[in-house]
Amino acid sequence: MVSGLRTRLVLAFLLVAAVGCGTTAALTYREARNAILEQAQDTAVSSFRDQIQELHVNLPPNNEQMQGMVRGLARQGKPRNWWVYVEYGSVRLSSGTNPTSTVITPALRRQARATPHGSFQRVVKNGEPYLTMVMPVVFKTAQTGTGGQTERPTGLTFYAVMRLTDEQANVDAMVVAARDGALPALAIALVPALLAARSVLRPVRDLRQAARSLGRGRLDTRIPVKGGGELSELARTFNESTAALERSVDELQRAEARARRFASDVSHELRTPLAGMLAVTELLDEDAAGLDPDTAAAVRLISSETDKLAVLVEDLMEISRFDARAAELNTDEVDAAETIRRTLQSRHWTDPARIVLDLPDGIRARLDPRRFDVVIANLVGNALRHGRPPVTVALRTETRPPAPRAAEGAADGTPDTPGDGSTHWLVTEVADRGPGIPADVLPHVFDRFYKADQARTRSEGSGLGLAITLENVRLHGGTVRAANGPDGGAVFVVEIPLTTSEVTA
Amino acid sequence: MRRIRAAAAGASASLLLLAGCGVQASEVVEAGGPAVVPVAPDHDERVLLFFTGPDGSSIPVARYADPAMGPVSTARTLDALLNGPTEEERAAGIRTRLPDGNKTVEVRPAAREDSRPGEKAGRPAGAREAVRVTTGFAVRSLDAAAVRQLVCTAAHAEDPEGLVKVVLTGSAGSLPATACA
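Same order as they appear, the protein sequences are chains A and B. Reading the first sequence from the start, the letters are residues 1 to 505 in the UniProt record's numbering. Reading the second sequence from the start, the letters are residues 1 to 181 in the UniProt record's numbering.
Next comes chain B alone, as it looks inside the complex (with noise of 0.2 Å):
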C-alpha cells in the first residue's frame, strides 16, 4: 500500500510538473561567434590607437592618415596614443592610462633574443618579428591596461594583423617581449 501511495505521489508530482512549467529562466548560454563589422576609416586611411573604456577594457579609435602622405611610422603612432584622447573621444568614455609628461619614444627592431624562436608561422612575410619602444617613463609600473595600450598600438603599426612582438623598456628597466591580446 505505501507503494501504492509512493507511485501516486510520483505520478501527481510529474504531472504537477508537466502542468506548473512554461518557460523558464535559464543561465548565460553562448551563441556563435561576436559580429564583425568593416570600420571606417578604411585600413590605409587610419592609424589605430588602443586607449581604455572606463571599465578598463581595450577600446581603438581610428584616426584619420591620408594615404597619399606614406605610411604612418610606428613611432608617430605611438606619439598620437601618448597625446592622449580627442576631446570628442573623451566625451564617450575614452580614456588613456599612459602617464601624462615624458612623450619621447623610440622604435627600433628588437634583437633576435627576444622574441622566441619558433613563433614565426602565420606571420606574413616581410613582417618584423618583435620590436623594440623605448618611452621615457618607466613601464614597468604600468598597469595592464596601459601596457596593451602600448604593445597593441605599437603591433599593429607595425603589422596589420597586430601579430608582432613588442618590447617595452623604460627609464628604469624593461618588460618582456608581449604580443596583443
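For reference, chain A alone in the conformation it holds in the complex (with noise of 0.2 Å):
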C-alpha cells in the first residue's frame, strides 16, 4: 500500500509521464519502423521488378539462359544482395546451392500462381528477418510498340529472399533510443510533479491548520478562499460550516445564558418577599403555642416549609453564581483543622457520639475559609442525614507522583505542581456508618436535585448541597469523589491541592 497523499500524487505524476511517454515512443517507433521496412521492401520489389524487365526470354527458356538469369538478378541485389529462386514448369533453378528456399512460405507461392501481381512477404526464421519477394513474369501479347494491352503469363515466376539484418539493427537501435529517452524524462517529469503535489497539498494543509484550530475550540477559524477549483470549494464549505458552528454554539450560550440569568432572577426576586415571610411565619411559631393543636400544627408546617424555601433560594443563588462564574475564591492560609472544627462548633455537631475527628493540627492551606466551610457542612450534614453515626471526619495530606488522576464519580482539578514534579494534596474524607450509597446512584450524587431515593420525593435538604461542594472544591482546584466504604457506609473524600510551602504533619 503506498500511504500519504504527497506519495500518491508523485506516484500518479510520475505514471502518467511514463505511460505518455511510452506511448508516444511506441507509436514513434511503430510508424518509423514501419517506414524503415517499407523503404527497404519497396525499393526491392520495384528493383527486383525493374531488373526483371530488362531480361529477354525465350519461351520456353532453356535451363542455361534462365541460370543466366538468376546469377544475373542475383548479382544486382538491391538495396542489399539477395538470393533469387526461378520456376518454369517442373524447373527450379536459384542462385544459390538450393534449388529452392526454405524461407518462402506455401502462402507466397500461392498468392503469385493465384495474381498476377509482385507480392512480398516479411518471415522471420531462427530469429531472423527476411523479405521474400515473388514476381511473376508476364509478357505483351501484341507487337511491341502497337500499344497492345493483354499481358499472359510466361509460366516464368522469380522469387528473392533478401536478409532484413540492418532493418533489424536500426529498428533494434530505436527500441534503445526509445528506453534511454524515456527513463531521463521520467527522471524531469518528478521536478513538475513534486512541484505540482506541493501546490495541491498547500491548501490540503491549511485546511488541516484550520481544522485542528477548530478543535481547539477557535470557532471563528477560516480559511482565505482561492480561486474556484475543488479545493476552494471544499474550503468555502469548510468556512460555511464553521460559521453555522460558531452561530449554534452562540446561541447555545445565549440561551443557557438566558436560562441562568433567569434562575438567578428567579432566586432574587423569591428572597425579598421570603424575608418578609420569614419574620412572619418567625412570630407565627412564638404564637403557637397559644393556638389549638391543628392551627398549631399547620401553623409550624408552614414556618418549617418557608425555612427549606429561604434554603433552597439561598442554594440557587449560589450555584447560579458559580454558573455565571461570579463566583471568586478568597484565600486565606488557615489551619485546616481549626477551620473544620470551627464549622462543626458552628452548627452545634459537637456530640462524640454522633462526630468522630481524626484532625491533625499544624496543616495550613491556602482556602477560602467561607467556600470550605460550606464544603465540609454539606457533607458532614448530608451524612447525618442519610447515613448513620457515628460521621468520621478524618484530614491529612499527602504527596503524589505527578501520576494520572483517576477518580470515580470525581470532578478534575488542577493540582499546583511543585519543581519535582510531585503534588502535595490537602485530603479531607467523610464517613458515616449508613447502608452506603446504591452503585447505580454513585455516578450521580453531584448532580442537581438528584433524588437517591425516588419514591422519597421530598428529602430535607434542597437538593443542591453536594452540587454547591462540587463547585466549591472545584473553584479549589480539587476534587471531591464519593464511594463506599469498607465497612458499609458511604465515603466522601475531598481534595484540595495544598499551595503553601509549610506542610506539616
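Note that these hints are calculated values from the structure, not bench results. Note that the structure is a prediction, hence the values are computed from the model and not measured. Careful: at least some of the hints might be erroneous.
As the list claims (entries may be wrong) - Straight line, CA to CA, 20 Å or less: simulated EDC-like cross-link-like pairs of lysine to aspartate or glutamate:
| # | chain 1 | residue 1 | chain 2 | residue 2 |
| --- | --- | --- | --- | --- |
| 1 | B | Lys103 | B | Asp143 |
| 2 | A | Lys125 | B | Glu27 |
| 3 | A | Lys226 | A | Asp206 |
| 4 | B | Lys103 | B | Asp79 |
| 5 | A | Lys78 | B | Asp79 |
| 6 | A | Lys78 | A | Glu38 |
Stated by the list, open to error - Here are some chain B residues pointing at chain A (derived, C-beta under 7 Å):
| # | residue |
| --- | --- |
| 7 | Ala25 |
| 8 | Val28 |
| 9 | Ala62 |
| 10 | Glu89 |
For each residue, glycine too, the CB sits at the ideal point set by N, CA and C.
Bring the two chains, given one by one in their own frames, into a single complex with the hints.
Below you can see the structure in the form of C-alpha cells.
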C-alpha cells in the first residue's frame, strides 16, 4: 500500500508521464519501423521488377538461359544482396546451392499463382528476419510498340530472398533510443510532479491547520478562499460549516446564559417576599403555643417549609453564581483542622457519639474559609441525614508523584505542580456508618436535584448541597469523590491541592 | 490503489511491447504489377501455343515461324498445339491436356449469334469477333486447362491481343463462346 497524499500524487504524476512517454515512444517507434521496412520493401520489390523487365526471355527458356538470369539478378540485389530463385514448369533453379528456398512460404507461392502481381512477405526464420518477394513474369502478346494491352503469363516466376539484418539493427537502435530517452524524461517529470504535489497539498495543509484550530475551540477560524477549484470549494464549505457552528454555539451559549439569568433572577425575586414571610412565620411560631393544636401544627408546617424554601433560594443563588462564573475565591492561609472544628461547632455538631474527629493540627493550607466551611458542612450534614452515626471526619496530607489522577464519580482539578513534579494534597474524608450509596446512584450524587431514593420525593435538603460542594471544591482546584467504605458506609473524599510550602504533619 | 496498479501494469506492458518487438513477420502483401518482359521470338516470327504446366497453370510456348512464308493460319497453329510439346519443352515440365488421337481441326468464322452484341468495344478494327473451332474429339469432356489451351491458342492466332471469342465444337456438342483469360 502506498500511503500519503504526496506520494500518491507524485506516483500518479510519474505514471501519467510514463504512460505518455511510453505511448509516444511506442507510436513513434512503430511509425519509424514501418517507414524503415516500407522503404526497404518498396525499393527491393521495385528494383527486382525493374531488373527482371530488362531480361529477354525465350519461350520456353532453356535451363542455361534461366541459370544466367538468376545469377545476373542475384548480382544486382538492391538495397542488399539477395538470393534469386526461378520456377518454370517443373524447373527449379537458384543463384545459391539449393534450387528451392526454405524461407519462402507456401502462402507466397499460392499468391503468385493466384494473381499476376508482385508480392512480398516478411518471414522470421531462426530469429532472423527475411524479406521474401515473388514476381510473376508476363509478356505482351501484341507486337511491341503497337500499344497492345493483353498480357499473358510466361509461366516464369522469380523469387528473391533478402536478409533484413540492417533494418533489424536500425529498429533495435530505435528501441534502445526510446528506452534511454524515456528514463531521463521520467526523471525530469519528477520535478513538476513534486511542484504539483506541493501546490495541491498546500490547501490541504491549510485545511488541516484550520480544522485543528477549530478543534481547540477557535470557532472564528476561517480559511482564505482562492480561485474556484475543488479545493477552494472545500475551503468555502469548511468556512460555511464553521460559521454555522459558531452561530449555533453562540445561540446555545446565549440560551444557556438566559436560562441561568432567569434562575438567578427568580431566586432574587423570591428572596424579598421570603424575607417577609420568614419574619411572619417566626412570629407565628412563637405564638403557636397559644393556638389550638390543629392550627398550631399547620403554622409549624408553614414555618418549616418556609425555612426550607429560604435555604433552597439561597442555594439556587449560590449555584447560579457558579454558573455565571461570578463565584470568587477569597483565599487565606488557615489551619485546616481549626477551620473544620469551627464549622462543626457553629452548627452544634459536637456530640462525640455522632461525630468522630481525626484532625491533626498544624496543616496549613490556602483556602477560602467560607467556601471550605460550606463544603464541610454540606458533607457532614449529608452524612448525618442519610447515613448513621458516628460520622468520621479525617484530615491528612498526601504527596503524590505526577501520575494520572483516577477518580470514581470525581470532578477533576488542576493541582499545582512543585519543582520536583510531585504534588501535595489536602485530603479530607467524611465517612458515615450508613448503608452506603447504591452503585447506580454513585455516578449521580453530585448532580443537581438528584434524589438518591426516587420513592422519597422530598428530602430535608435542597437537592443542591452536593452540587454546591462540588463547585466549591472545583473552585479550589480540587476534586471530590464519593465511594463506599470497606465497612459499608458512604465515604466522601475531598482533595484540594496545597499551595503553601509550609506542609507539616 | 487498484487503478494505479492497473495503470502500472499497462505502462509496463507498453514498455515490454516497445522492448520486445523488432522486425515482425507479415502476411503476404501485394506490391505492384508483374514484371513485363519482351519475349523471343518476336511477334512477327512466332506462333503462340498455350500448353499446361505441371500444376495446371497456363504456359505459352512461342514457336518460330518464318515471316517470309506469310501469316500462319489458325488451323495450322491448332494443328501444332494438338501435336503437343516438343522434347525440349517436355523436359521443362510442359504438358498438354488435349487428347491424343483425332487431330483434325476446322476453323471458320462463328455465326453472329455466337457472340454477344455490345462486346465490340476495344477490339482492333478488322478483327473477327468470334471463331468456331471444330475438333474431331468431344470437347464437353475436356477439363478447364485443355479448353483454355484450345481457346487461347485459337484466339491469339486470330488476333494478336487474343480478344476473339472462341466457340468449341466437338464430336458431341459444343461449348459456349469463350474468351482467353
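> Looking back at the hints listed earlier, which ones does the structure fail to meet?
Replying inline: 5
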